[in-house]
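Undergrad: Using the hints, position chain B against chain A.
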Amino acid sequence: MQLEAAESEGLADGPIDLLVSLAREGEIDPWRIDIVNVTDRFLGAVNAMDRRGLRDCGETLLYASTLLRMKSEAILQEDGEPVEAEEGWEPAPMNPLWNEPPELEPPVRREAPRPATLPELIGELKNAARRCELREIRLRDRDEEERRSRETVRNLPHSERLEERVAELTERLRGTLSSGNSVDWEDLLKSPDRSGRVSLLLPLLFLEDRGLVELRQSEIYGDLYVCPGGELFEPDEADD
Amino acid sequence: MKRTIEAALFTVGKPVPIDALVAMTDSGMVDVMRAIEELSAEYEGRNSAVEVKEVGEDKFVMQVSPRYAEEVMTLAPRELSAPLLRTLSVIAYQQPVTQSDVVEVRGNTAYSHVDELVEQGLVSAEPHGRTKMLTTTKGFAEYFGLPGKDADEVRRYLEEEVDADTVERFLG
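These protein sequence lines map, in sequence, to chains A and B. If you read the first sequence in my numbering, its first letter stands for residue 520, the second for the next number, and so on. If you read the second sequence in my numbering, its first letter stands for residue 2, the second for the next number, and so on.
Chain A with its partners taken away, still in its complex shape:
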């Protein structure tokens, strides 16, 4: 009856089915379970089984291990040794490396770094002096390079005929700025293209640097006016 119930409930699949089939075939007597015999026959049937899915194999293994434990307890009981199940006991995992108990107290070892020595102190002093000297040489080289760069820039007007252009522009501005008026720099352009603007702006900047004119621009990208800035463009007394 229990066998039929198991079949009807769909539990007769896998290991349960195996036990049921063993009972049907008369291999085991379900009314008089000889656990040793049942386990042996079950394991034999498992070995003969076709390969199934992981779930079925896992379930089968669980039943097999349970039956083995029941078998071992039965054998021990026959030998007269009482078997008492310990509550909550679980076997510890086997660790082949545990040959002896681990040491609880490590040995006292000195792990401090060593102090610096006097020769090392003197060595670093020489090192510091050498670095000091190298830094001075670097600073000297940098100053020399800056001096050469300034010299190059200073000589640039000569190579670009800038002084001639400054003189020419000064003459052009003399008439206009001497009357105290400012002039829109656009009006001074010889050609409105890029090179014309550069050719005018450079001399204007030199004139401003020398304090002879003032360049005024009330807003960014707004009109740029050239205004008198020095004695050179002061109105003549004779004009007054």
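Since the hints were derived computationally from the structure, they do not count as laboratory data. Treat the numbers as computed from the prediction; the structure is a model and nothing was measured. Keep in mind that a hint or two might mislead.
Unchecked claim - Label-pair restraints from in silico Cβ distances: (1) B:A77 to A:N646: 17 to 23 Å; (2) A:E652 to B:G130: 53 to 59 Å; (3) A:R654 to B:V31: 26 to 32 Å; (4) A:N646 to B:A21: 20 to 26 Å.
To be verified - With a Cα cut of at most 30 Å, we get these calculated BS3-like pairs of lysine-lysine: (5) B:K3 to B:K139; (6) B:K133 to A:K645; (7) B:K3 to B:K54; (8) B:K60 to B:K15; (9) B:K139 to B:K60; (10) B:K15 to B:K3; (11) B:K3 to A:K645; (12) B:K3 to B:K60; (13) B:K15 to A:K645.
The beta carbon of each residue, even a glycine, is placed where N, CA and C say it ideally should be.
TA: Chain B alone, transformed into the frame defined by chain A:
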């Protein structure tokens, strides 16, 4: 007691005051001194690479014998880094020296170096206007086993040890 003192000196690795050893062994000063002398003689007697010496005032240390120090020091990490040691050497050589002068020689990292050296008891920093006046301490002389503890003595010793080229670089 001698073995206990030996273990203590080995473990600490730095000069240990005699008072600390007396307190540890719970013995009298005379007994502890005798034990230290026996220990020192023992190491010397067997020509050991390790020696027990007195440094500073009533302090004792277990250290590598000087004749072996150079060979083995590459194996052990040093507690003072090279930049820190460099700053310390500049202070020791030019003392008494202002912190601003040291910074001019060593750069801005010298500020943190000075703080660390003061914390380790190797340098003393006294307020001097808007900067500090730096000198080495008694601890510095004990640390390096120098004969004199006075700042002038330390500086003179270094001047004797350092060659003329180095002197010229710093002074010239």
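Undergrad: Each hint: holds or not?
TA: Okay, the hints, checked on the actual structure:
Between A77 (chain B) and N646 (chain A) the beta carbon distance is about 20 Å. The supplied range of 17 to 23 Å therefore holds. Taking 53 to 59 Å as the suggested C-beta distance range, the pair E652 (chain A) and G130 (chain B) does not conform, at roughly 29 Å. A beta carbon spacing of about 57 Å between R654 (chain A) and V31 (chain B) contradicts the range 26 to 32 Å that was offered as a hint. Distance hint for N646 (chain A) and A21 (chain B): a CB-CB separation of about 36 Å, inconsistent with the stated range 20 to 26 Å.
With a CA separation close to 29 Å, the supplied pair K3 (chain B) and K139 (chain B) stays within the 30 Å bound. Restraint check: the Cα-Cα separation between K133 (chain B) and K645 (chain A) comes to about 24 Å, which is no more than 30 Å; the hinted pair holds. For the given pair, K3 (chain B) sits about 15 Å from K54 (chain B) by alpha-carbon distance, which is consistent with the 30 Å threshold. At most 30 Å may separate the alpha-carbon atoms for a hinted pair to count; K60 (chain B) and K15 (chain B) meet this at roughly 9 Å.
The suggested pairing of K139 (chain B) with K60 (chain B) holds, with an alpha-carbon distance near 13 Å, which does not exceed 30 Å. A distance of roughly 18 Å separates the Cα atoms of K15 (chain B) and K3 (chain B); the hinted pair therefore holds under the 30 Å criterion. For the proposed pair K3 (chain B) and K645 (chain A), the alpha carbon gap of about 42 Å is over 30 Å, so the pair is violated. Distance restraint check for K3 (chain B) and K60 (chain B): the Cα-Cα separation of roughly 16 Å lies within the 30 Å cut-off, and the hinted pair is therefore satisfied.
For the given pair, K15 (chain B) sits about 27 Å from K645 (chain A) by alpha-carbon distance, which is consistent with the 30 Å threshold.
The structure is inconsistent with the numbered hints 2, 3, 4, 11, although it conforms to all the rest.
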